[in-house]
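In the order they appear, the protein sequences are chains A and B.
Using numbering that gives the first Met the number 0, you'd call the opening residue of the first sequence number 0 and step up by one each time.
Using numbering that gives the first Met the number 0, you'd call the opening residue of the second sequence number 0 and step up by one each time.
Bear in mind the hints are in silico, worked out from the structure with no lab data behind them.
Certain hints may be false.
To be verified - In silico lysine to aspartate or glutamate, EDC-like type, Cα no more than 20 angstroms apart, as pairs:
1. 273/B - 62/B
2. 130/B - 12/A
3. 197/A - 113/B
4. 52/B - 269/B
5. 52/B - 253/B
6. 197/A - 62/B
7. 273/B - 55/B
8. 52/B - 223/B
9. 225/B - 55/B
10. 225/B - 33/B
11. 124/B - 188/A
12. 47/B - 259/B
Just so it is clear, the structure is predicted and the values come from calculations on it, not from any experiment.
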Amino acid sequence: MAAMSIPLIRTSDELTLEDLTAKRTRRSLVSSLMTVLMGLSVVAVTIPLGAVLYTVVSKGASVLSADFVTKDIPIVTRQVGPGMGPAIVGTLLITLVAAFMAVPVGILGAVYLNEYSAGGRFGKLVRFMATVMTGVPSVVMGLFVYITYTLRYKQNAFGGSLALSFLMLPIIIRSTEEMLKLVPSNLREASAAMGSRKSRTILTVVLPAALPGVVSGCLLAVARAAGETAPILFVVGATNTVNANMFNGVNTALSAQIFTNAQQPFVGAQQRAWGAALTLLTLAFAITLVARLITARFALKR
Amino acid sequence: MDAELRPDTPLGDRTEIRRTVATSPSVDAAPTSDPVFRAERLSVLYGKYRAVKQCDLEIHRNEITAFIGPSGCGKTTVLRCFNRMNDLIPTARVEGTLTYQGVDLYDPQVSAVEVRRRIGMVFQKPNPFPKSIYDNIAFGPRVNGIKKKTQFDDIVEQSLRGAALWDEVKDRLKTSALGLSGGQQQRLCIARTIAVEPEVILMDEPCSALDPIATARIEDLMQELKNRFTIIIVTHNMQQAARVSDRTAFFSVEINPQSDTRTGILVEYDRTDKIFSNPTDERTENYVTGRFG
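I would like the entire structure built from these sequences, with the hints used as guidance.
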């Protein structure tokens with residue numbers, strides 16, 4: 000007889016099948032209740048997601064065509080028919096340039112914070128600023144760029160890129176830092192014990208180990224920025240024709256076109272808004288897919 | 000003679016430690032009795048806290064030296080002084096002197112990176128990189144500037160053979176190292192360490208995460224490696240120390256009653272048979288006979 004054993008609920012001295020069958024206790028009830036609640040939450044999450052996807056695809060699919068992607072936006076908003084080319088070009092230009100500016104700086108910043116700052120005061124300050132910046136509304140960021148850049152250089156696509164990269168930067172820094180934290184320190188030690196310099200350890204061991212997470216964080220930032228409307232409206236302006244020059248002349252983006260066209264009372268404009276919405280969704284999906292493929296190729300073996 | 004037994008390093012001058020002491024004897028001219036490491040009044044401090052105080056010990060070439068002692072006695076801390084791994088802990092500080100082949104390891108001109116290229120380390124938990132088996136071995140040679148692919152193939156095969164792992168993995172060199180068993184992973188880590196042809200291998204409880212069969216394989220391997228390298232092993236397992244080592248250092252803990260801090264001390268250092276059969280110090284005897292610790 001073990002003195003410390005947990006007392007069992009016994010029906011008789013001999014062990015029967017009943018002793019080993021599940022009892023209907025308060026705990027088992029709570030357990031079932033929680034399982035049901037979790038199931039309901041999953042449904043609750045899926046409904047809006049599915050509804051948005053269904054609406055955008057059903058309203059936008061009929062509008063999409065080769066012409067829609069390539070042609071200019073009709074000047075007369077009443078006109079029914081295709082044309083969202085300039086906005087697609089604008090969105091790609093603005094977002095990609097913003098990503099090229101924000102992703103390297105963000106990742107290097109995160110590497111500094113996690114690998115070099117060593118709990119120093121400057122590092123803490125930068126981390127705090129990044130956290131605060133994550134919460135800055137996009138319209139405020141747009142206003143900042145408007146005051147510091149647009150008033151001097153006029154509305155153009157690069158101003159939009161600046162605003163979007165400012166929005167991406169804190170997200171990239173914070174998410175990358177979290178991923179670097181997850182890399183076990185014994186890998187860093189193993190690399191150092193082989194005689195690697197710190198820079199080499201970071202490049203060949205730490206970053207590759209964190210790569211999938213880092214890419215996810217960057218994608219989140221890029222996808223969020225691609226959908227931003229407020230800064231685009233007053234920093235980039237609007238146009239109906241393709242403008243491939245980042246630094247000269249107004250431009251446009253899908254998000255801004257959705258905003259303006261959806262407000263129109265005309266069926267043609269509204270259709271174009273739905274088409275633009277579906278295009279934006281597809282672009283975000285495509286960027287995610289490409290990034291995932293690249294990650295799969297370079298990621299370390301798990 | 001022993002000096003001639005050492006393998007010629009294929010890495011050439013790249014790994015040559017900058018000799019900062021002009022009078023230090025050249026490696027090849029060193030007599031066999033000349034110690035590889037000599038620690039004099041070596042103390043390690045974490046901030047103000049003295050973790051290990053004033054060890055004196057000499058490590059001899061082509062021998063296995065075991066560090067034994069209860070938990071928290073500072074054996075790993077001392078081990079990590081030998082390849083300056085303690086540098087990675089910002090508050091850690093070393094007092095006293097520690098020379099490696101006559102060169103002061105903590106001379107301001109000595110680079111920890113260069114030291115670690117000559118003094119390899121195997122850790123307590125197998126820690127292969129999340130890369131392929133091949134890339135794990137090739138990592139060190141790459142760090143040392145080897146570029147030719149044929150050279151890598153040779154090094155990978157030689158290192159894996161040296162670590163008694165080649166036959167088990169030769170058909171899956173390109174698969175992930177994380178797919179190996181714990182014992183295989185630890186032998187891979189040993190292979191990774193010998194791939195850069197170090198002069199010394201430090202082992203920090205290399206078998207503590209392994210089963211007895213894997214442990215026996217690694218112990219056999221150590222006896223082979225001893226001919227080419229000088230080995231220092233930290234172990235909790237006294238039988239292991241008695242089985243594999245030529246010399247044993249027994250560390251213990253001294254508790255300061257005023258500040259309630261624990262400081263590691265080197266109690267006794269001698270030939271292993273002496274430590275286990277006829278120790279001088281009573282504390283050593285109590286420990287090796289199982290009455291304490």
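We went through each hint and held it up to the structure:
no.: 1; hint: 273/B - 62/B; result: holds (16 angstroms)
no.: 2; hint: 130/B - 12/A; result: violated (58 angstroms)
no.: 3; hint: 197/A - 113/B; result: holds (13 angstroms)
no.: 4; hint: 52/B - 269/B; result: holds (19 angstroms)
no.: 5; hint: 52/B - 253/B; result: holds (10 angstroms)
no.: 6; hint: 197/A - 62/B; result: violated (32 angstroms)
no.: 7; hint: 273/B - 55/B; result: holds (18 angstroms)
no.: 8; hint: 52/B - 223/B; result: violated (33 angstroms)
no.: 9; hint: 225/B - 55/B; result: violated (23 angstroms)
no.: 10; hint: 225/B - 33/B; result: holds (17 angstroms)
no.: 11; hint: 124/B - 188/A; result: holds (12 angstroms)
no.: 12; hint: 47/B - 259/B; result: holds (14 angstroms)
Violated hints for the displayed structure, listed by number in ascending order: 2, 6, 8 and 9.
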